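> Letter by letter, the chains look like this.
Protein chains: 2
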Amino acid sequence: MSRYTLEVDLGDRSYPIHIGAGLLGQAELFLPHVAGMVVMICTNTTVGPLYAAQLKGSLIQAGAKVVHTVILPDGEEFKDWPTLQLVFDALLQHHCDRKTVLVALGGGVIGDMGGFAASAFMRGIPFIQVPTTLLSQVDSSVGGKTGINHPLGKNMIGAFYQPQMVVTDISTLNTLPDRELSCGLAEIIKHGAIADSAYLDMVEANMPSLLNRDPGLLAQVVKRSCEIKADVVSKDEREGGIRAILNFGHTFGHAIEAGMGYGQWYHGEAVGCGMVIAADLCRRMGRLTAAESARLTKVVIDARLPALPPRMGVDRFMELMAHDKKADSGSIKYVLLNGLGGASTSPADDTLVRQTLQELGAGD
Amino acid sequence: MSRYTLEVDLGDRSYPIHIGAGLLGQAELFLPHVAGMVVMICTNTTVGPLYAAQLKGSLIQAGAKVVHTVILPDGEEFKDWPTLQLVFDALLQHHCDRKTVLVALGGGVIGDMGGFAASAFMRGIPFIQVPTTLLSQVDSSVGGKTGINHPLGKNMIGAFYQPQMVVTDISTLNTLPDRELSCGLAEIIKHGAIADSAYLDMVEANMPSLLNRDPGLLAQVVKRSCEIKADVVSKDEREGGIRAILNFGHTFGHAIEAGMGYGQWYHGEAVGCGMVIAADLCRRMGRLTAAESARLTKVVIDARLPALPPRMGVDRFMELMAHDKKADSGSIKYVLLNGLGGASTSPADDTLVRQTLQELGAGD
Chain A
1 MSRYTLEVDL
11 GDRSYPIHIG
21 AGLLGQAELF
31 LPHVAGMVVM
41 ICTNTTVGPL
51 YAAQLKGSLI
61 QAGAKVVHTV
71 ILPDGEEFKD
81 WPTLQLVFDA
91 LLQHHCDRKT
101 VLVALGGGVI
111 GDMGGFAASA
121 FMRGIPFIQV
131 PTTLLSQVDS
141 SVGGKTGINH
151 PLGKNMIGAF
161 YQPQMVVTDI
171 STLNTLPDRE
181 LSCGLAEIIK
191 HGAIADSAYL
201 DMVEANMPSL
211 LNRDPGLLAQ
221 VVKRSCEIKA
231 DVVSKDEREG
241 GIRAILNFGH
251 TFGHAIEAGM
261 GYGQWYHGEA
271 VGCGMVIAAD
281 LCRRMGRLTA
291 AESARLTKVV
301 IDARLPALPP
311 RMGVDRFMEL
321 MAHDKKADSG
331 SIKYVLLNGL
341 GGASTSPADD
351 TLVRQTLQEL
361 GAGD
Chain B
1 MSRYTLEVDL
11 GDRSYPIHIG
21 AGLLGQAELF
31 LPHVAGMVVM
41 ICTNTTVGPL
51 YAAQLKGSLI
61 QAGAKVVHTV
71 ILPDGEEFKD
81 WPTLQLVFDA
91 LLQHHCDRKT
101 VLVALGGGVI
111 GDMGGFAASA
121 FMRGIPFIQV
131 PTTLLSQVDS
141 SVGGKTGINH
151 PLGKNMIGAF
161 YQPQMVVTDI
171 STLNTLPDRE
181 LSCGLAEIIK
191 HGAIADSAYL
201 DMVEANMPSL
211 LNRDPGLLAQ
221 VVKRSCEIKA
231 DVVSKDEREG
241 GIRAILNFGH
251 TFGHAIEAGM
261 GYGQWYHGEA
271 VGCGMVIAAD
281 LCRRMGRLTA
291 AESARLTKVV
301 IDARLPALPP
311 RMGVDRFMEL
321 MAHDKKADSG
331 SIKYVLLNGL
341 GGASTSPADD
351 TLVRQTLQEL
361 GAGD
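If you're matching them up, the sequences are chains A and B in order. Quick note: the first sequence uses the UniProt record's numbering, first residue 1, plus one each step. Quick note: the second sequence uses the UniProt record's numbering, first residue 1, plus one each step.
Incorrect hints may have been included.
Treat identical chains as interchangeable: a pair holds within one or across any two.
As a list, the in silico PhoX-like pairs of lysine-lysine whose alpha-carbon atoms are at most 25 Å apart [to be verified]:
(1) K99 with K154
(2) K99 with K333
(3) K333 with K235
Calculated directly from the structure, the hints in this document are not laboratory data. On a predicted model such as this, the values are computed, not experimentally measured, just so you know.
Turn these sequences into a full structure, and let the hints steer you where they fit.
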């Protein structure tokens, strides 16, 4: 079975990502980080019943002194302070200290909240990430972004905080709903589109096997996507410059998520559609050929992601994008492709953006 | 008038501390950090009415695009999440972004909360500290510790986050209550005791002028105390080792604060008394002569700080110290002097600790 270890290079904050099937059961992976330590597993009501017992078994086998568990309600709507407080409550009720290791077992929300709790508890405790969705395995497991939402904006409160290690068990994808699998594929397509056209070819060619959850192929794409993201992040840990290209599809995607009401469109779905919109805009700007734009659209559709924007109205789209936090000093910065496999940020003519939205059916 | 600039050396997180009388009115100090920027002043109901207008004037003169103010209730009991949320609310209501500069104007609580808010808002925005109490000028303005309290423990949630600059205006001490001036002197005495006996001599010799708020002398001791703390912190930014010596007097002090109910004894008072207890313990362990222990006690009394512990009972003291977060793997680590002017951490025989507490009058 394919198994990979990838090092995210961030100086003294570097850490390994282990990728493979069945890793949750491999106690030796955890041993260097938890032997003799108190461990707090942070998970949710969906993932906990499926995998917390197996993880706890491995941690105990790896020599953890004691393993506590805190179970949060599942869902983006609980990515807030009152829910985060449950983690601090549990840590303090169990007399945890600065040496306690927090293990986040779950998808992106659990990773973001567990990471932020670890960054803030006693000003920082060790943190291990065990992502269980394809999206979190290829996206939030690299880059150290943690945080919670504020009633006035998503991810407004958080920290850059790197884990000690990421353990990506491909087997956990067997229980992932189809819709969430597609959301992970959206980010994988994005990685090919912005950085590696050969990778995009490979993903396109193997889409049926990926949708069938072939573990060897999934391990391979998780590894390649993490490499691409790690390469960008290691050049720009705190998102001052090039890291912005990871937001390809996100400016339009965020507008869809906000405009439709959070939770209606999943993040990956909005990004998939956002990439189709951005590709069409790139075509109008001469940055993609019609064939390239059409091909990216097809890959998105192949991944069972929505390709056409909701009929929110072009004005509403423009207004929501202007409010997005990526909007800087008035003009919106888009992430645009330079052919398939390259990207940079740039403003775009409002007229072209409106034409794109109009013709893709965003409505008046 | 004496004016100093001190550089805290923390690699790419280094920053200057400007110390002198009247600095709040010196727009040029702020200019490099705020010209063209949106600024949010974070202050409280006590300090705001005294100094926010002057600070705002200087910020505007320094070219700030706009200056907003958020005013928090004053007091340690508001060092909590709901109050911190007021800062995030204000930042988002005013459409602040990652380039907004947060200026914390106030004492230790405002510095800790403003710093934590700055660290967490959009995962980190620039932060300037303007400490207005002697305690915060010599203590929390160096070291980057920020945070809030949790119902189950003080400073349990926070971040290590360094400011861009600290502006210490000695003139703000003119409005400081006597009791708080003495609290600042406790930390100043501590700096001499753990690191520089000549400095302790100087503080002892000049105590009447310090209590009379001689601005030249105050600027001098704020500078020297910041130097000592900066020297320790630059060797150990995240408190893994030597930084612990800054907790001299704090193990006993925290027990007093917790045992008497927070707010009854001020932190500086508890530290003053804690140093007297620790000095007596050092004498019993042969680490201080009787004359040295007596002299440290006298300096604490000269600073109008309490020297004798409250009659909480020796058992209660021992129990509270065991719960303190500095307690590690069962045995309490004390910070003990090696003569006046040197310190290290060490366990101590419970019998000696009990004798010390008993004989100083902590009660049965």
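> Which of the listed hints are broken here?
none
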